[in-house]
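Just so we're aligned, residue 1 is where the sequence shown starts under this note's numbering, counting upward by one.
Mixed in with the good hints, there may be bad ones.
Below, computed lysine to any residue pairings styled on SDA-like, alpha-carbon distance capped at 25 angstroms [said to hold, decoys possible]:
{"id": "1", "residue 1": "K9", "residue 2": "Q20"}
{"id": "2", "residue 1": "K9", "residue 2": "Q83"}
{"id": "3", "residue 1": "K59", "residue 2": "G44"}
{"id": "4", "residue 1": "K59", "residue 2": "W80"}
{"id": "5", "residue 1": "K9", "residue 2": "F52"}
{"id": "6", "residue 1": "K59", "residue 2": "I71"}
{"id": "7", "residue 1": "K59", "residue 2": "R43"}
{"id": "8", "residue 1": "K59", "residue 2": "I22"}
{"id": "9", "residue 1": "K59", "residue 2": "F75"}
{"id": "10", "residue 1": "K9", "residue 2": "S77"}
{"id": "11", "residue 1": "K9", "residue 2": "F85"}
{"id": "12", "residue 1": "K59", "residue 2": "L76"}
{"id": "13", "residue 1": "K9", "residue 2": "V23"}
{"id": "14", "residue 1": "K59", "residue 2": "Y38"}
{"id": "15", "residue 1": "K59", "residue 2": "G34"}
{"id": "16", "residue 1": "K59", "residue 2": "F37"}
{"id": "17", "residue 1": "K59", "residue 2": "V23"}
{"id": "18", "residue 1": "K59", "residue 2": "A70"}
{"id": "19", "residue 1": "K59", "residue 2": "S77"}
{"id": "20", "residue 1": "K59", "residue 2": "I26"}
{"id": "21", "residue 1": "K59", "residue 2": "F48"}
{"id": "22", "residue 1": "K59", "residue 2": "S46"}
{"id": "23", "residue 1": "K59", "residue 2": "F47"}
{"id": "24", "residue 1": "K59", "residue 2": "S79"}
{"id": "25", "residue 1": "K9", "residue 2": "I67"}
{"id": "26", "residue 1": "K9", "residue 2": "P86"}
{"id": "27", "residue 1": "K59", "residue 2": "Y74"}
{"id": "28", "residue 1": "K9", "residue 2": "V81"}
{"id": "29", "residue 1": "K59", "residue 2": "S84"}
{"id": "30", "residue 1": "K59", "residue 2": "T36"}
Ranges between beta-carbon positions, derived for each pair [unchecked claim]:
{"id": "31", "residue 1": "S79", "residue 2": "N8", "range": "36 to 44 angstroms"}
{"id": "32", "residue 1": "N8", "residue 2": "G44", "range": "39 to 47 angstroms"}
{"id": "33", "residue 1": "N8", "residue 2": "G63", "range": "46 to 54 angstroms"}
Treat the hints as calculated values from the structure; they're not laboratory data.
A quick note: this is a predicted structure, and the numbers were derived from the prediction, not measured.
C-beta: ideal position from N, C-alpha, C; glycine also.
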Amino acid sequence: MLIAQLKNKVGYLVIINCIQFIVLTIIAMFTYAGGTFYNPGTRGESFFNNFFSELGGLKNHEGDSNIISAIFLYFLSLSWVYQSFPFF
Numbered sequence: 001m002l003i004a005q006l007k008n009k010v011g012y013l014v015i016i017n018c019i020q021f022i023v024l025t026i027i028a029m030f031t032y033a034g035g036t037f038y039n040p041g042t043r044g045e046s047f048f049n050n051f052f053s054e055l056g057g058l059k060n061h062e063g064d065s066n067i068i069s070a071i072f073l074y075f076l077s078l079s080w081v082y083q084s085f086p087f088f
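Can you build the whole structure from these sequences, using the hints too?
Here's what the structure looks like:
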């Protein structure tokens with residue numbers, strides 16, 4: 001009985017973790033300062049021209065502050081790691 005309850009809780013944890021990943025990634029994308037490798041002057045995040053890891057940089061390609069997007073990505077990464085513990 002206890003194992004079934006734990007499996008049920010882990011299942012909910014996976015669903016919550018996936019939703020949290022999507023929501024925080026979207027927030028980080030909207031708060032990204034802008035710029036791509038080939039065109040540093042663009043504003044905002046370009047889904048096809050930016051890398052996912054650029055959301056975590058403290059500065060964008062032009063040198064503008066990107067701290068808000070970075071905070072969301074750091075929180076997202078840490079929560080993903082902590083919520084993955086039951087699987088290891």
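Between K59 and I22, does the CA-CA distance stay at or below 25 angstroms?
-> OK: K59 and I22 at ~23 angstroms, within 25 angstroms.
Given the hint that K59 pairs with S77, does the C-alpha gap stay at or below 25 angstroms?
-> Holds, because 18 angstroms separates the two Cα atoms, which is no more than 25 angstroms.
Going straight from one Cα to the other, do K9 and F52 come out at no more than 25 angstroms?
-> 30 angstroms, violated
Verify the proposed pairing of K9 with P86, using a straight-line Cα cut of 25 angstroms.
-> 10 angstroms, holds
Take the C-alpha atoms of K9 and V23, compute the straight-line distance between them, and say whether it is at most 25 angstroms.
-> Roughly 21 angstroms between the alpha carbons, so the hint for K9 and V23 holds.
Quickly compare the C-alpha distance for K59 and T36 to 25 angstroms and report which way the hint goes.
-> 12 angstroms, holds
Take the C-alpha atoms of K59 and I26, compute the straight-line distance between them, and say whether it is at most 25 angstroms.
-> With a Cα-Cα distance of about 18 angstroms, the restraint between K59 and I26 holds, given a limit of 25 angstroms.
Take the C-alpha atoms of K59 and Y74, compute the straight-line distance between them, and say whether it is at most 25 angstroms.
-> 14 angstroms, holds
Pair hint K59 and F48, alpha-carbon separation not exceeding 25 angstroms = Given pair K59, F48 holds - Cα atoms ~19 angstroms apart, limit 25 angstroms.
Agreement of K9 and I67 with the hint, judged by alpha carbon distance not exceeding 25 angstroms = 34 angstroms, violated
Taken at face value, is the distance from the CA of F75 to the CA of K59 at most 25 angstroms?
-> 17 angstroms, holds
Does K9 pair with F85 here, judged by a C-alpha cut-off of 25 angstroms?
-> With Cα atoms ~13 angstroms apart, K9 and F85 stay inside 25 angstroms; holds.
In summary, the numbered hints that this structure violates are 5, 25, 29, 31.
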